[in-house]
Amino acid sequence: MRAYLPDYELRVPKDLEEALAFLANEPGMWKPFAGGTDLMVLLEAGKLEHTKFFSVWNLAELRGIEVTDESVTLGALTTYTEVRRNSILQEEFPMLCVAARETGGIAIQNRGTIGGNIVNASPAADSPPALLAYDAELELLSSKGARKIPYKDFHTGYKQMKLRDDELLTGIRLPRTTKSLRHYYRKVGTRKAQAISKVCFAGVAKIEDESVADVRIALGSVAPIVLRCEKTEAVLRGKSVDERTISAARAALINEIAPIDDIRSTAKYRLRVAANLLEDFLKTVRDGELN
Amino acid sequence: MSARIVKPGAIGQPFSRVDGRLKVTGKATFAAEYKVENVAHGALVFSQIARGKIKNIETSAARNAPGVILVLTHENAPEMKKTPVFGSDSEEMGAASSSILYLNTDEVYFNGQPVAVVVAETLEQAEHAATLVAVEYEEKQAKLILQAEKPDAVLPEHIPGEPSDLKQGDAEGALAEALYKVDNIYTTPPFNHNAIELHATLAEWSEDEKSLTVYDSTQYVIGVQEMLAKKFSLRKENVRVIGSFVGGGFGGKGNAWAHVSLTVAAAKVVKRPVKLVLSREGVHLSVGGRTPTEQRVALAANDVGKLTALIHTGFTQTTEHNNFAEQFTFPARHLYKSENIWLRQEMVHLDIVPNTFMRAPGESPGTFALESAIDELAHEMGIDPIELRARNEPDRDPVKDLPFSMRNIKEAYRVGAEMFGWSKRHAAPRTMRDGRFLIGCGVATAFYPAYQFPAAARVEIHADGTAIAQSAMHEMGMGSATAQAQNLADELGLSFEQVRFEYGDSNFPYAPVAGGSNSTISVGAAVKAACDDAKKKIHGLVGEDDASPLKGTRFDEVEFREGGIYRRDDATKGETFHAILRRFEEDKIEGEGEAAPGAESEKYSMGSYGALFCEVRVDEETGEVRVSRFLGVYDCGKIINPKTASSQWRGGITMGIGMALTEEALFDVRKGRIVNPSLAEYHLPVNLDVPNIEIHFLDIPDPLTPMGAHGVGEIGITGVAAAVANAVFNATGKRIRDLPITLDKLL
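Each protein sequence line maps, in turn, to chains A and B. Just so we're aligned: the first sequence equals residues 736 to 1026 in my numbering. Just so we're aligned: the second sequence equals residues 43 to 789 in my numbering.
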């Protein structure tokens, strides 16, 4: 049953400073409301527990895609549609564009934001695996100042993250170090679109002299958080992609992830498919078929 | 002989839907959209247990919540009389979905049963207050799992009009001795209709409480009218039910579900119009879907591939309060010739939301099992599955021993095989591949009976040369109104633009439920009868009129065309409706008519058929199945409108793809509560899941049916799940007999 709207409060700060003041003055009392593509679903289902929000939708400071020689920084309010249409992202961070295309339908893509996707902290989210594989860094801001944190250290447990009550996620910085990498992204769901992932895989790699010079792998829907699989990466680094390496990597990945049975799939299926996708990733990057 | 240009009739032409523009411009008014003064809003409270009694129902918090006008429970609801259940043994057709006396009883029969209605000034207030109603139950042990209750299964007296146990010869004996055989269990899960328009009822009483107007999203305005008249002790003619546009039904709006009479009761108590729109979750909780099935199909064949035994038996679930048997053995009664046949259907009674008609009830799950089994036998014998079907094509109906009124399955397969390129398919599984995708092709037969029910219509021919016909028929997106306008135009010799068809109102002459794919021919026959009546009246005027060039003609000597009446033997002699009505100073001529299936229909087996071809691509690493090509070749008599009929088939095939691959209502087996009551988790196919579906139709008229036509609504889904499963087998070598074919089953 839909939640009762009069129980809720939504404020609209006039600028970023006022938004940060909300957070600073009553820590934990106010939470940001961006595109609403997750929060409105909870509201409709009567499951939105928090009742006081402030809209960040109009905060120009959190919008836009900024490009420097070293990095591309997405404002936290960058929508999936904006991601899809950005030519630099298409060229250098294609997995992010594919993830954006595979998230929800057109209406959701127009409204849903990358920042919202990160702080919603769903382990089944589709953009975070790509962000992890691209070594994204998060920019956090409070009235006390700004700080940065590698994205791979951000999520600490199911719906848990290193975000203080007085902090706002403002941007996502992507280092422009992807040009020599091969990119591989797969989302597996019950149907071809608009289905929450059973398994989501994002991987980049660089093969030099037939061995793995660089590799970064992240998966969704296989653990309480979206997972960067560093142990599996370690097994691969410096190795040539042969059957022995693939087999060792599969074993490492199966140890590293911890999927569960739920309404959408089984742990068994997820383990098997995660390993299959890893193998396909390795063969694809080895054989040079770019996706 | 005088030369004249014969204009082709409207029938057979691909007119766009008459309601299309209204719908895409938002001008089509659906039940919940009628503007009624002073309307209050209703919300339901649903039971959270599956079986038991209400011990206490605490409503004070809800009553005191903002905007609340009424909390209606079994303690204060007006009496609503028991009425016949749809499909029950009663003489009357009935429209109630169940015999439960909602809010006139403290008994709880299923999880999701409405136990209170909250009425408030706004929808938000009603929904909020509904959450404040606290119900204390005395819970009883509930029966919730089909498999667990099989030992107590019952054999129904009949499954809609047919025996529930039918034996010809000794099928088990023949199976035991057979050279070739397959004998397997097939299962299908519970499904929900998920029509895009949520169920809605808007009820308005007259001040004297003697008459009632109800706007309802229904497939059966006359049924709802009759049910409400009885429930509330009103004269039938004082109850008007309007459902001009219905946003999909698929069987889910064929019965009147709990909310219909509860909305009417609430409006009576608050003395204001009340509107109640179920939420998507509310639909899943209180409107039944399709029963799961457990089916055994055993086939035996001799060395030349002739069937020596056909066994199709199994179980469905239902409730004590609706007793609906889903007739999954119907296809096996008509599709194949076999020396020995055994068909048997048992029902298990559970404490669940009453199951109901859904997208070709019976034929959908039945063709999945039967048409998978035929494919299995073909593989076993190394015979092409189309050829195996041809070898077992009956020349008479195998069970009824009647001739077929029309049957061109072999031709459908011949045409389809050529269009699809069937000869290029590799018969051995796992032999077609494109990168990581395994490719497979499969076929299956589609089948649905041709039903006609009694119906009535009236027609008016106006002095300006236009005409209107009316019948309490339904337009839920099928194209019925367009098809009937085409029929009307041809019957009266008018152009399509000169006629209009009105429907969806119980004030119009009666029409049956929009179910069983009967509307086109049932109402079509009634429209013809009404037109005949009007034409005879016109001829009656001119046949004896000195001023008319038609004086002295007999009715069979004239024809109606181009907005007038003309002699058959001299096309120059005649006059227009306009001229006739002017001369007689009439502004219109009216005709009325009724029609029912003729005695001939008893002497024939009447069905529609289709040959389905499917190609799938299966990702070997993930088990993802993508339907890459689909072709349906249909044998459904004369096609009234190729455009709307093709849309019907495409929609049916899309639903079949959902049934095959993604759809499944999941229940918590401890509590009997659905756990995926949303479009996010009940996975219907999305656009990307559906390839460009190719449609072809034979267009061979049935000599026995009105217009030579058959209904095309339900056949579309039949056979599709089998065609997909057979293609998946061809691709992977894995035979999935348990729907849906989810990814995990292929790894």
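Quick caveat, the hints were computed from the structure, so don't treat them as lab data. Using N, Cα and C, we set each Cβ at its ideal position, and we do this for glycine too. Fair warning: there could be bad hints in the mix.
So the derived list for chain A, only partly shown, Cβ under 8 Å to chain B, looks like this [stated by the list, open to error]: (1) Met736; (2) Arg737; (3) Thr925; (4) Arg926; (5) Gln929; (6) Lys933; (7) Ser1000; (8) Thr1001; (9) Ala1002; (10) Leu1006; (11) Val1008; (12) Asp1015.
Verification of the hints:
no.	hint	verdict
1	Met736	holds (5 Å)
2	Arg737	holds (5 Å)
3	Thr925	holds (5 Å)
4	Arg926	holds (5 Å)
5	Gln929	holds (5 Å)
6	Lys933	holds (7 Å)
7	Ser1000	holds (7 Å)
8	Thr1001	holds (6 Å)
9	Ala1002	violated (11 Å)
10	Leu1006	violated (10 Å)
11	Val1008	holds (5 Å)
12	Asp1015	holds (5 Å)
Checked against the numbered hints above, the structure breaks hints 9, 10 and satisfies the rest.
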